[in-house]
Structures are given as structure tokens and as C-alpha cells.
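**Student:** Build out the structure end to end from the sequences listed, making use of the hints.
2 protein chains.
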Amino acid sequence: MEFKAPRGQEISCKGWQQEAVLRMLLNNLDSEVAEKPEELIVYGGTGKAARNLESFEAIVSTLKNLENDETMLVQSGKPVAVFKTHTFAPRVLIANSLLVPAWADWDSFWDLEKKGLTMYGQMTAGSWIYIGTQGILQGTYETFAEAAKQHFSNDLTGKIVLTAGVGGMGGAQPLAVTMNNGVAIAVDVDEERIKRRVNTRYCDKITHDLEECLSWAREAADKGEPLSIGLVGNAAEIYPQLIEKGITPDVVTDQTSAHDPLGGYVPANMTLKEAEELRKKDPEKYIHLSKSSMADHVKAMLKMQEKGAVVFDYGNNIRQFAKEYGVKNAFDFPGFVPAYIRPQFCEGRGPFRWVALSGDPKDIEETDKLVKEMFPEQERLTRWIDMASEMVEFQGLPSRICWLGYGERAKLGLAFNKLVKEGKVKGPIVIGRDHLDCGSVASPNRETEGMKDGSDAIADWPILNALINSVSGASWVSVHHGGGVGIGYSMHAGMVVVADGTEEAEKRLETVLTTDPGMGVVRHVDAGYQKAVDHAIKHGVKIPMLKK
Amino acid sequence: MEFKAPRGQEISCKGWQQEAVLRMLLNNLDSEVAEKPEELIVYGGTGKAARNLESFEAIVSTLKNLENDETMLVQSGKPVAVFKTHTFAPRVLIANSLLVPAWADWDSFWDLEKKGLTMYGQMTAGSWIYIGTQGILQGTYETFAEAAKQHFSNDLTGKIVLTAGVGGMGGAQPLAVTMNNGVAIAVDVDEERIKRRVNTRYCDKITHDLEECLSWAREAADKGEPLSIGLVGNAAEIYPQLIEKGITPDVVTDQTSAHDPLGGYVPANMTLKEAEELRKKDPEKYIHLSKSSMADHVKAMLKMQEKGAVVFDYGNNIRQFAKEYGVKNAFDFPGFVPAYIRPQFCEGRGPFRWVALSGDPKDIEETDKLVKEMFPEQERLTRWIDMASEMVEFQGLPSRICWLGYGERAKLGLAFNKLVKEGKVKGPIVIGRDHLDCGSVASPNRETEGMKDGSDAIADWPILNALINSVSGASWVSVHHGGGVGIGYSMHAGMVVVADGTEEAEKRLETVLTTDPGMGVVRHVDAGYQKAVDHAIKHGVKIPMLKK
Ligand SMILES: NC(=O)c1ccc[n+]([C@@H]2O[C@H](COP(=O)([O-])OP(=O)(O)OC[C@H]3O[C@@H](n4cnc5c(N)ncnc54)[C@H](O)[C@@H]3O)[C@@H](O)[C@H]2O)c1
Ligand SMILES: NC(=O)c1ccc[n+]([C@@H]2O[C@H](COP(=O)([O-])OP(=O)(O)OC[C@H]3O[C@@H](n4cnc5c(N)ncnc54)[C@H](O)[C@@H]3O)[C@@H](O)[C@H]2O)c1
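Heads up: the protein sequence lines correspond to chains A and B, in order.
Numbering-wise (the UniProt record's numbering), the first sequence opens with residue 1 and increments by one.
Numbering-wise (the UniProt record's numbering), the second sequence opens with residue 1 and increments by one.
Everything labelled a hint here was simulated from the structure, so no lab data went into it.
Mixed in with the good hints, there may be bad ones.
Here are some, though not all, of the chain A residues that point toward chain B, as calculated from beta-carbon distances under 10 Å [claimed, not checked]:
1) ILE59
2) VAL74
3) PHE88
4) LEU93
5) LEU98
6) VAL100
7) ALA104
8) ALA442
9) ILE463
10) ILE487
11) GLY488
12) GLY501
13) LYS507
14) THR515
15) LYS542
Even for Gly, the Cβ is constructed at its ideal location relative to N, Cα and C.
**Tutor:** Here is the structure:
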């Protein structure tokens, strides 16, 4: 079975809203996009687009027959009903992987999955708005950009960023740093991983030699030129060596797979082959060595912080293991969410994405141009668009992602609709986002960790987000459980809206692209973030109990 | 503070949709309705209508200013936002008590509640459509009526029903049996409880003497006359005595507080005073005696079943404790949900209720008359309406409840709207339901226990229910967690719609009173109930993968 979204103007559904759903579902399973299309798996381990082939086919044929005033309901990847609603309603409503909390663990989940009763939807897999790896690059870019904004003069020119791990996620780091005009030193114990990144132009150079690496880095930084260097080595050795040499990078973080002390992280003073052997022979010893290496690794990071570096944890749980192994002040440097993501969430900023349904890359060129015209003052955004259009290869239908805030999203959505209406692009544009957004996720180990008021586990917010978006013009809306951090640990909602050039789409876009990021502002106002309060007041977001 | 819904035609909001919300919120807290209005507690232990007084006041003032194209969002009893939506959207969207599953336990809940971040919403407490105890009476009536339908000729004339426990819930049993024209023997160890029921006309007679009780019962049954008798005694003694006497009632159940072996159930051969003392002195021994009495109690029920009685468990967990104490076949008789409630859920039947916003009891008289006119063939319904109008004292705004199915609800809703439009009632009518309904609850220990396909814990359904109702014209929609069975054990959704006599209301009623019970049919089709499949086919419910 080969999945591929149809391109062009001709549609096989009764309207563009439905056709958009159909194309995005097929695009999610396109072999350029999906990890294992033959199993309907899109990304994130086992995140699926439909429960099984039979359900997939039923979704497709239901979409083709769906009237413009009907709504299809999808329960964990299976179409279960079609109801008459009205034209402005979403064409599809989705609930994936939700379990009554006392049964919300992986064992119960797999048991129900085996019975054919549910499906793991991850975030954008089961809600049909995944666009490939561009999202990771953009998220990483945004994190470094925000760090630059908070600590330097808005970009990383002349700054050296030290990090480690260039695997699936971490591999975006070297490029994300150079896109911010900085110099990256990315340590990875696995030479092959670095080579792959050099081959795909995500990393500029590779070396085994620390001295060589440092001299390249210094030279580039002095000249103010962007450069990324993959240094083959173990972070638990390299970071302490830098301390010994008295070298303090400007920014320090880490994306080794420290969350997994046995299968992921490689202890110091060991070849990859030795590590492989010890894992099998003596897993307990391996874990012990792994965690004590993490302790050294984190100690070095703390030392660099002491000496003035900007240090943050990149969500791999390394602080926790270091603490377990005696580093009492491991949590002295912050996680990336409270440090760099949350301040943006306070302004309703988050990962906004769009897709050209025509299939023509020129449509995305048009939108790129428009974004730059509309927000010329946002240097960070302009830089991203320029770099992305040069560096990012499309997977499946051409798409773009960037972070935008409350106010900006609605403005851009309406402008896209105008592009479509005036024929400046060759087909409608689908606008969506990750479930990981400002007002749509409750995930106490990641996105809502350490909320100011302690409301990390309150899950009313994603539900309110889904409800308000459903009545505000979204084309499809989804509520999921367990994305990102696994069953039991998160609840979140997705939203997609189609700019098809009609007046109705105009109303949809204006309303839902206000309520959706609006929920981000509201959620952070409620948690007591002054930045959100200021933003709400400035933009006139109506909050009944707002205290100024 | 005194809470009382305004009556009459004059409104203080910008439309009847908003005014209806306001009146129902105030009505929930009316001292005739609420258990502890001063703490904002409506019912069900700690089920609240608003987070605190400040939030309550903010809700009221927000409602008064809410435009006809705006929607207020309420997060666990606190108003957090107002967004511009459109006229057909709900005026209020509510999410109460939701927690990320791994934190969904009472400890975490109370901790967050103490911080002022959440509220326990129960079912209709936090969604403003509680109407007092009429609902319990009706639910009990419906259970016995369904038993009569399945096993006898549609009512209980000439049949003797044996039960026990006439407390808060169980006290509805004697009246529910006589409303079905049967003879009830209701055993309770506490004389006072029976006396209270006699005083409020829920029970006809009281006796301490088993022989007397039996002769009254036999006489009434022979004459085919309804009669309810409260027998003072311990069920764990009386039930076995009946076996010894060779007496087999037609129907046998039990609503003693067996779910609580220490604080609730009273062991055999003990006065209430002795029980009270032993509870304190030696709780372990008390529990032991309690559970072994339950074993005897259940053994007697099983024996009666063997001899031909219709026996069922009424949701008090007595089978579980009996099994623990050696009664291996305790689960040989069914629970009331799979036996009598689920067959109705398959047809989209469930607890439909309405309230006269005028405050005039005559409006309910009008609606009672109309219901009887519209469904003359439903003898069960007619009987209920007649008995209810005679026996039920209104609490707060006049209201009525009855069970109606898919198709019937929309039909009646439209007829109510016509009554309002034509001035046959003095004000709009609010239509809602319990969250315990056919397509709106996932609660594996109660409403969704023992689903045919094992899907008890799948919680996609209540979310889909809330989403589709939100876009189908509901006036307010709510999603809750933990109602009925406590935090961690259920997820459920509520729906209310206002018949204000307008054309828009007509569209709202027709659409949402179709989608809402429609979800019940769909959910049970998906679980493999043939009855639901037949109903879906008969009524043309659109189900993409329906296998006939
Ligand atoms: N919080 C978030 O949103 C977020 C986002 C991205 C990644 N992460 C975390 O970041 C980590 C990396 O994710 P990934 O998908 O890139 O993992 P991955 O397994 O694909 O890559 C990890 C890389 O680390 C290298 N490595 C392991 N031990 C090392 C050591 N001691 N020194 C140097 N290199 C070492 C490996 O060779 C590998 O290339 C994970 O822990 C992940 O959970 C979190
Ligand atoms: N599944 C459901 O939807 C559902 C509905 C209603 C009630 N219930 C269950 O039914 C039970 C009763 O609820 P309630 O609110 O009426 O409780 P309650 O505590 O108000 O009343 C229980 C009554 O049982 C009597 N009793 C206790 N032990 C007895 C014994 N051995 N013999 C005779 N009488 C005895 C008490 O004196 C009391 O009057 C509870 O377990 C409740 O959970 C379940």
C-alpha cells in the first residue's frame, strides 16, 4: 500500500474542508513523512494515523461522502459516526487514546489496543497534521533564539554554544545554532551520528581533536561567523576537560539520551563497542557507570554556570540522575521549558504550521514572502524563514512552520486566505499546530512542569481549548492522551483550520486563530505570569477575574 | 448569603440563553435544592457549583454582560475567559476537576483544591442542572420498570419485591415499586429511616413483625394492589429466614450501604447501639462480622434466584465482599446496569429532564400533559408522569424528569419550544440531563462496567459527546472527571439546551437532541450490542463501519 496525498485543484470530496482532511491524512502516511507507513505509524514510536487498514479506508470513504453540514466522529483512529451539524462546524472531531485515569497506564492501554479498541495517537500523528522533522529544527531554533534574546543581543553572533548528542532530536542543534548565527560545538560519542549530520548539511565540520575543535570555534566566534562542529567524544569526559582548560562557553546544554541510562547514555572512558558488550554482560554495572558519568557531566555544567555560562537542561532528565548520584545542586540550572518556552507561551506564541494543498512548493515560497512582509520587525522570524527555505527539504506536501503569537496568528491566517482567494497560490492552505502549544497541553513532566501556581497537573485547559476551538471555526479538532511523555502523563488538544479563500473561511480563521492562542494567554494569566497579564491587557483578551 | 433563581419574564442578561444559565446556577444553590449552599455544595458529598464566592460572583456578573455571540469558559468553577464565537455556539463551556491521569487521585486532588486551583464538580453540581431528589426516584422507577418489562408483563402488578436499605438512595425503592404497581418489602435495620419514609409518603406501612409483613404483602399481591411495607430488621437475618420459610419473592435486590463494611453495613444479630459501640471498640472485628453477614445475605439471594426469583445487585458492591468471604458464585446474579440500564442505553434512552424558568408549577403541568399526549403508547412513561405529578414536591424551580430515547428527545424538545413560542407556558424551558447517560460517561465500576467488548475504560466517548454537542447547538456543555465514583474512576459530559421559543432554539434543539442520545446508540453499536445496531438501522443513525 502506497499513501500519497492528491495534489492540484481537483477534489474528490464535497468541499475543500473535507478534501483538506483527506489530503492531510494521506500526507501523514506518505513514505517521505511517516516512519512506518505499512503499519500506519507516523512518528514518535507508535503514533498512528488510523486504528487499522479497515478503519483507514472507512475514514477515506466517509470523507468523500461527507456533506458540508455534517461532522464525522473518530474514536481512536476509527470513524464511529456522522452527524448533521452545520456548515461552520468542524468537519471532523477526534478523540484518541483517552482512558479513565485509574486505567491510564501502558499495560491497560496495550491490552485494550490488542483487543482493537484503541490506538496511540501521539500528538499530530492521530490528528493528521504531522509535517516531518522541520518541526524539531524549528523548535530547537526557537529555544536558542529565546536564550539569545534573554541573555545576549537577540542572536548568537560571536557566541559559542556547547552541547552533546546529535541523535534523532539532538541532531537539530548544530543547525539551529548556526541559524542563530552562533558557533556550535556538538559532542557525540558516535562518529556515525555526526557524519550523518554533516552529510545532510545540519553540521558543518567534524573532528576527533578537542584542540582543533576549539581553535576552529574561537576563530569563527572572533569573526562573528556561524559555524557548527561535531566533536567525536564523550561529553562526560569533554565537559570536565574544558573546565580544566579554563574554557567557559557562552551557552551550555545537552541532548544525549540520558533519560535512558542503560540503552541510551554511554559512560565515560569506554568505546562504543565496549559499551555494547557491557550492556549485555552486566547491565547493573553499566547503569552504575552511566549514572556516575552523568554526575561528572552535570558537575561540569554547574561549574560552567558558576563561571558565567548560560546553562539549561534540554529535557533529557540528566539532572535527576546526577542528583541521585550525589550532585545535590543538580537542579541549580533550569529546564528549557520554564526558561525559554514558557515566556513565549505567555504571549500565546507557539508552533504554528501550514501546508500547501496544491502540492506546489511555489505556494510555500509565496507564503514565506508574505510572512516576511507582514512581520518585518521580527528579525528572529525573518532569519528563520530565510534559513528554512534554503535548508529544509519538504517531506510530503510542502509546508512551513514558525512560532507566532496571539494576534499574529489570526492576522497571518486571514492574509493566507486572501492569497488563496486572489489566486496567488494554487490551492487552499491548511493551518495547524502541534498539540505542544501554549494553551493546549497539560504535561507535568514537560510542558507544564513547574507552573508558577503549582497547577502542572490540572487538565481542564486542553479540554477547554478543544471545546472553544470546536465552536470557533476549526476544520478539525482533536483531544489526545499520552502524547510526548506516554500514557498517563499528558492530555492535549489539536486544532486545524483550512484557508480555502472563501468568506466562511475568513470567519473561521479570524475566530479560531484568536481563541486558540488566546487560551495560551489565559492559561498563563491564571497561573500568575505577569508577562501573560501584560499581554492580555495590551491585546484586550477578556478575562473575568483578571487582577492587574 | 441566600441563593434563589429569579422567576418571571424579566431578565437581567442580554438573552434567554444566558439568563437560563444564571437561573440554573442560582437554582443549584437554592436551599431547597443544595445540601450546603453556604459552602456552595450542591450534592454528592462535596459536589460544588462554583470554586468560591468570588468566582461565583464573577460568573454571575460575566453572565449579565455576556453578548449573544460570546462564550464564557469556566475552569473548575472559575470563569477564566470570554471569547467571541457566534450566536449558535454555547454561551458557556465548562471543564471541571480534570487531572492528568497519573495525578488523578484524591490526594493530589485535595492538594490542588487546597491551593485554590480546582473544584470537585460531581456531575450536575458543577454544570448547573441538578434538580434535587426527583432524579433518584425516577432512576429507581426506571430500573424496576425495566425489570418488569423484561421478566413480567410490563409492570409489577401482583408481584412482591424484596429489598433492603431505605437510606439516601435506597429510600426511593418502596415508592418506585408501588409506582410500578408492585408490592415492596423493604428491610432496614434502622427504624427511624423507615419512619421518615412513611412520613414523606415514600413508604405506606411499617412493622417489626415478619409474619405481619408477609400477610400484608400477600393480601395486596393477591388483590393486585400496590403496597410498600418497611420491615424493621437486619437483611442478613430476614433474607435467610424467608428461605427457611420457603418463601420466594418475585424480585430480590438490596441497597444497604454494603460498599462500606465499617461505617455503613450493620452485621446480623446486633442492635444499632451495639453496632455503634463495636465500630469504635474493635473495628477489625466489626468488618469481619459485617462481611460474613454479607456472605449470608448474598447466599440467601442466590438461593432465591435458584428458586426462580429475579435477582440483581443494586450497585453497592455486596457481591464483591461476599465473594471475599467464600461465596464463590456471588457474581451469579447480575448488576443492575448491565441487566436493566444498558438495554435502554442501546436505544439512546436516559435521564432527560427539564425546568420551567418562569418558576410557575403550571408550566410543568402543561409539559406533563404534553408528554402524555405525545407518547400515549408508552404506558411506563404515562404512569410515571401521573405518579410524579402527584407525589413529587418541587425543589427550587419546578422541574420534571423522565427517560426518553433517541428520536423522542428531539421530538419533545421541539414541542416544548412550540409551547414557549405560543405562550402556552410562561417562560422558556431548560432541557438537560444527568452526566450518567447513554453516550456521555466512561465509568468502569458503574455505568460502563462489563461492556460487551471490554471497552469499559475507554474515555474517548464522553469527550466526543462534549465536542459534538458543543457544535450542535447546546446552550452549555461540560466535561467532568470523577463524578459518581470519585476522582480517578470516571469521565463524563453534560449538556443543556434552552427552549426559548425562537427559531434558533428550534435548530439548536433539533440538532443537539439528536447528536446527544445519538452518541449513546453509536457507543453501544461500537461495543457490539445487537439492540443498538437494530435501533441505529431503524432510525438511520449514520455509522460508517456498521456491520448489520
Ligand atoms: N523535552 C523535550 O521536549 C525534548 C526534546 C528533544 C529531546 N529530548 C531528550 O533529549 C534526548 C535526546 O533525544 P534524541 O531523540 O536525540 O536521542 P537519540 O538516542 O537519538 O540520540 C542520543 C545521542 O546521544 C549520544 N550519546 C549518548 N551518550 C553520550 C555521551 N556520554 N556523550 C556524548 N554523546 C552521547 C548518542 O550517541 C546519540 O547520538 C532524550 O533524552 C530526549 O528525551 C527532550
Ligand atoms: N450503582 C448506583 O448507581 C447506586 C445507586 C444508588 C445507590 N447505590 C449504592 O446503594 C447503597 C445505598 O446507598 P444509600 O445512599 O441509600 O446509603 P445510606 O447509607 O443512606 O443507607 C443505607 C441504609 O442501609 C441500612 N442498613 C445497613 N446495613 C443493613 C442491614 N444489614 N440490614 C438492613 N439494613 C441495613 C441503613 O440503616 C441505611 O438506612 C450504597 O452502597 C450505594 O453506593 C448505588
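**Student:** With reference to the structure, classify each hint as holding or not holding.
**Tutor:** Here is what the structure says about each hint:
1. Taking 10 Å as the C-beta contact cut-off toward chain B, the hint placing ILE59 of chain A at the interface holds, the least distance being around 8 Å.
2. With 10 Å as the threshold, the beta carbon of VAL74 of chain A comes within range of chain B, its nearest partner Cβ sitting at about 8 Å, so the hint holds.
3. At about 7 Å, the closest approach between the beta carbon of PHE88 of chain A and any beta carbon in chain B falls short of 10 Å, and the interface hint on this residue holds.
4. This hint holds: LEU93 of chain A has a C-beta 4 Å from the nearest C-beta of chain B, less than the 10 Å allowed.
5. Because the closest C-beta pair between LEU98 of chain A and chain B is about 4 Å apart, less than 10 Å, the hint holds.
6. Hint status for VAL100 of chain A: holds, given a least beta-carbon distance of 5 Å to chain B, under 10 Å.
7. The beta carbon of ALA104 of chain A comes within 3 Å of a beta carbon in chain B, closer than 10 Å, and the hint placing it at the interface holds.
8. About 5 Å separates the beta-carbon of ALA442 of chain A from the nearest beta-carbon of chain B, less than 10 Å, and the hint is met.
9. Because the beta carbon of ILE463 of chain A sits about 4 Å from the nearest beta carbon in chain B, less than 10 Å, this interface hint is met.
10. At a threshold of 10 Å, the smallest CB-CB gap from ILE487 of chain A to chain B is about 8 Å, leaving the interface hint in force.
11. Evaluation of the GLY488 of chain A hint against chain B yields a held restraint, the C-beta minimum of about 4 Å falling below 10 Å.
12. Interface hint at GLY501 of chain A: violated, since its Cβ lies 20 Å from the closest Cβ of chain B, which is beyond the 10 Å cut-off.
13. The interface hint given for LYS507 of chain A is met, as the beta carbon of that residue sits about 8 Å from the closest beta carbon of chain B, less than 10 Å.
14. Proximity of THR515 of chain A to chain B holds as hinted, the smallest CB-CB distance being about 5 Å (cut-off 10 Å).
15. The interface hint given for LYS542 of chain A holds, since its Cβ lies 4 Å from the closest Cβ of chain B, which is under the 10 Å cut-off.
Comparing the model with each earlier hint shows a violation of hint 12 alone; every other hint is respected.
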